[in-house]
Amino acid sequence: MPDSKLHVISTVSGDSQHIRHGDHTDTIESVDIVFRAQRKLSFTYGAIFFAVTLAIPAASVWWEGWYAVPIWGGFTANYLVVSLLYYIFLWTMAWTYSKQADKLDEQLMDMATAITATETAKEVEAE
Amino acid sequence: MNTIAIVLVIALIVFTISLSIFSRRFTRTTADFYLAGRKVGSFSNASAISGDYLSAASFLGVAGAVYASGLDGVWYAAGFAGGFMVVVLFIASALRRFGEYTVADFAFGRFGSNRIRLITVIAVLLTSLFYMAPQMFGAGTTWQVLVGKGAFGMDPYTTGVVVVAGIIAFYVAVGGMKGTTLNQIFQFWWLAFAMTMVVIFSFGNGFSYPQALADASESPIVNTKQMTVAELTTENPATGKTPYDSAASLMTEEELAKVDEFIASDAEGKIPVALPSANKLHELRDQLFSEPGHRYNTFDQFSMVLALVLGTAGLPHILNRYYTNPSGSAARRSTFWVLVFIGTFYIFAPIAGLAGLGFIKEYLAGGGTLNAATVHGLLVKPDQVMPTLAEILGGQWLMGIVSAGAFAAMFSTVGGLLIAAASAIGHDVYEKYVDPNATEAKRVAVGKIAVLAFAALALFIGLAIPKYGLDQAYPALIAMMVTWAFSVGASAFVPMLLTGIWWKGTTERGATAGMLVGLISAISIIFLNIFQQLGTVGKEGILGFFGALTFPVLFTFPLGLLTIIIVSKIDGQLPKNVDQIWMRIHGTASERHEKQHGLDKVGSMFTKGK
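In order, the protein sequences belong to chains F and Z. Under our numbering, the first residue of the first sequence is numbered 906, with each subsequent residue one higher. Under our numbering, the first residue of the second sequence is numbered 17, with each subsequent residue one higher.
The set of hints was computed from the structure by calculation and includes no laboratory data. If you're wondering where the values come from, they're calculated on a predicted model, not measured in any experiment. No residue lacks a Cβ here, since even glycine has one placed at the ideal position from N, Cα and C. Be aware that one or more of the hints could be misleading.
Computed far set for chain F versus chain Z, every beta-carbon distance over 10 Å [claimed, not checked]:
1. Asp-931
2. Gly-951
3. Ala-1019
The following label-pair restraints were derived from C-beta to C-beta distances [unchecked claim]:
4. F:Gln-922 with Z:Trp-519: 19 to 27 Å
5. F:Trp-968 with Z:Ile-586: 48 to 56 Å
6. F:Glu-934 with Z:Trp-519: 33 to 41 Å
7. F:Thr-1018 with Z:Gly-521: 25 to 33 Å
8. Z:Phe-543 with F:Leu-946: 47 to 55 Å
9. F:Ile-953 with Z:Thr-255: 29 to 37 Å
Cut-off 30 Å, straight-line C-alpha distance, at most; resulting in silico cross-link-like pairs (DSBU-like, lysine-lysine) [stated by the list, open to error]:
10. F:Lys-945 with Z:Lys-592
11. F:Lys-945 with Z:Lys-585
12. F:Lys-945 with Z:Lys-611
13. Z:Lys-520 with F:Lys-1008
14. Z:Lys-555 with F:Lys-1027
15. F:Lys-1027 with Z:Lys-448
16. F:Lys-1004 with Z:Lys-520
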């Protein structure tokens, strides 16, 4: 690995308002905006995940049609969900969540680039 | 054990050691030793995490739990998988973005105190020990079942513990995280192959999932239990019946004659009997295979799933693997693939358990004989269902593949635990406090010594469990101990990680108090439970209530979380550089920079460290 690249890797600077890695900057405003969006996304998905996950034992306790009535061969709805459909639910959630979280990361990327450009323009103007 | 199985297990061991020796030249720096140079791609890392996560308890135990308990066993598997949703939603990418090496580094970097780093180290070591214990006990019992012979004058159990601890200590110390990662990838795919083969052979022999489930649910679940003469003949005051009376209502005359003979001889030891199962959830219903209630009552139906779901996010050997990813989004992708891999595995494991129920009964009814102990057409030890089914359906070859899979599962999990423990001692303590100026070579050497020391401790624990009678106190000790590890991890780490990542107002005092409360309360309840099982703590009063909790996490997790929130609110002393910390956790400048210079590329795990 060339030394120049190692030098680039170690260029990290910043203060309480921004952090810079090489040519790239994060500002506290842009990170806060995307953090709030990420938090909303994560906690919305989290609420759905826990609601569905806890609904399964809840139905197992209080809904006879769920746990005691065969719907296909010996499968009750409870058995079918726990042995198969729950995993499909997990895969779908993890996939869609990851895609949406990646999108938010891209937004942060654009936002930080825009903020950096604005700051540079202001500095040039002031000079 | 058959020759093919022995050959395959030896081949697995040789291959494992070879991979470590191959990886040795790529393990020069601490980043190589603990993190595989942070160059593990999503798919590879997902395979390694899956290998790390799926222990022998998962490979042999889940099918066994389904075989013995039906739907409650299936739910147990689903809970294991569900835990990774908490990881992907709340922890994976933030932990990776923060960088560093370990969970203790995160605690130190986020809250800025040595105190919280040391408490985290203690929590990591305790959680690893709690998780190591069932793995080592599993190593001994698996050797007992699959090999059945001792070596160098040791009994089979001791031989299993010594062999597994020795091999893993060697391959982790030599190969570091790179060697361990390669091994875990290989070991995961081997056990996935073994599980798939058992399922394919089941369907190939006429297994129909819906029909088998209908057949298994025609009559109530029957359990097997090994009992002493005293236990068999002691009357239950509530029903006025003895276990012998219950067994007599089920067992054939021939089977019962053996029990009568055992009672008449007043012999020491235990005899297996078949007993009807009670429905703990719907007491007026028969306990059918397709219905819940065999293992868990109402309280435990909820607490079990919460314990498993939250506990996965608190296993340090799993969390550490997220630092090996090249980026936060790669960490998320890894978790998605983990869910696909282990989800498929946990779909297959219940199929094997159910298939075992039918095929083993059919085989015995047809006059077949098995090495495993059986009574009333059922295995006395349900954990033996995988190798037994493999032998019935695929002969010596399939049983060999399954045997090697069981050892692969143990190797991969204990390997991950050793790396986690070594990084806690070598990186978090030695490098930070003992000798911060140590050379890379010295740091790596300390990491290797830590691996060997922890492997010795694991060996001691494995040998101590039967010595102190813990295996007699708990009928399903491996599953029980796994839930303890989950409970300790969930109570100590998860509240700190969740608040540290998602609530800027978390203070060092709050996080420290929450970790301590979670850790101490979880361990206290676990020991109360152990002492209650060993008969030194009664079942009455407040101690009796907490001692009876199977899954303490339902109390200890909210307790830890509330402590963090309340103490942080009262304290209000945020770290001075909290905004910088925030940008480090949630910002992407570092990743964009790495991407710009091509440093995020994976596939270079085998460049030599500088």
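Here is how each hint holds up against the structure:
no.	hint	in the structure
1	Asp-931	3 Å, violated
2	Gly-951	5 Å, violated
3	Ala-1019	13 Å, holds
4	F:Gln-922 with Z:Trp-519: 19 to 27 Å	21 Å, holds
5	F:Trp-968 with Z:Ile-586: 48 to 56 Å	43 Å, violated
6	F:Glu-934 with Z:Trp-519: 33 to 41 Å	19 Å, violated
7	F:Thr-1018 with Z:Gly-521: 25 to 33 Å	30 Å, holds
8	Z:Phe-543 with F:Leu-946: 47 to 55 Å	40 Å, violated
9	F:Ile-953 with Z:Thr-255: 29 to 37 Å	44 Å, violated
10	F:Lys-945 with Z:Lys-592	26 Å, holds
11	F:Lys-945 with Z:Lys-585	22 Å, holds
12	F:Lys-945 with Z:Lys-611	27 Å, holds
13	Z:Lys-520 with F:Lys-1008	23 Å, holds
14	Z:Lys-555 with F:Lys-1027	73 Å, violated
15	F:Lys-1027 with Z:Lys-448	43 Å, violated
16	F:Lys-1004 with Z:Lys-520	25 Å, holds
Hints 1, 2, 5, 6, 8, 9, 14 and 15 from the earlier list are contradicted by this structure; the remaining hints agree with it.
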